[in-house]
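A.B. asks: Sequence:
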Amino acid sequence: AADNLALALVLLCIGVIGGKAATSSVKSGRGHSSRQARAVLLFQEGFEQGSTLVVEEGYAPVAYGTPNFGGSGAYWGRTVARAAYGLFSSWCAGDGWNSPSLPPYGANCTPYYGGPCFVPPNTNTTMTTNPLDLSAFTSGTLTWDLWLQTEAADWFSVQASTDGVNFYGYSYYGSTSSGFVPRQLQLAGWPVLGNLMGRDQVWFRFGYSSNQTVMGQGAFVDNIRVEVDHVDILFGDGFESGDTSRWSFVLP
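The working numbering applies: residue 1 is where the sequence shown begins, and numbers increase by one.
A couple of the hints might just be wrong.
As the list claims (entries may be wrong) - Pair ranges (Cβ atoms, derived):
1. Q49 x Y112: 43 to 53 Å
2. Q186 x G58: 44 to 54 Å
3. T52 x S135: 16 to 26 Å
4. T143 x R246: 34 to 44 Å
5. Q186 x P121: 48 to 58 Å
6. Y172 x P111: 51 to 61 Å
If you're looking for bench data, these hints aren't it; they were derived computationally from the structure.
No residue lacks a Cβ here, since even glycine has one placed at the ideal position from N, Cα and C.
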């Protein structure tokens, strides 16, 4: 019996070392991890049912000088004046006591009811996401749809922060008045902050600032999305525990 057992062990070792009879879900048969990446929608706001973003005045970057922390009394708010998808978007002057947008949801700013409407002078407004946890992800994008009509001194901005206080990012001006334009930013190479992936708290902020002259229609934002790549480990075995239950072995 002992001889038979020894022979069986020898044959088993030969089969494993030779690789002729060991089979598993890993093609190499050596316990390497198999990874499969898939896109995960971590955040989305289309403004159809309201808005989850926090709206403030006075913190958007300006083209010249320092921000007017008082703002104009007009700030980001939902509107039906324009939309990339559905009925609503967010307009940089869509709400507030000084907003030209009238109930319901700025219908007066549509071409059907006397629009367009224009951003008041000295508008300075931001809308900011709650912090997102990117600690489990290695790559991702921020995307949104933008309609823009500004002069060089009126800025639309997209920024990020890892402490909720200091924000860095990009500023835009010009016109996309032929329609909404999709925009995309990679999260792995953000200005000043560098790689946002792996951070446990990241805020994203959309801003608009105007000066005292040449008022345009400003910025409309729709369909904000943060998508990340999540890696599913389909199989892995480092043989540390001695558990070989996930493997099957066949003698040659």
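A.B. asks: Run through the hints listed earlier and report the numbers of any the structure violates, in increasing order.
C.D. replies: 1, 2, 5 and 6
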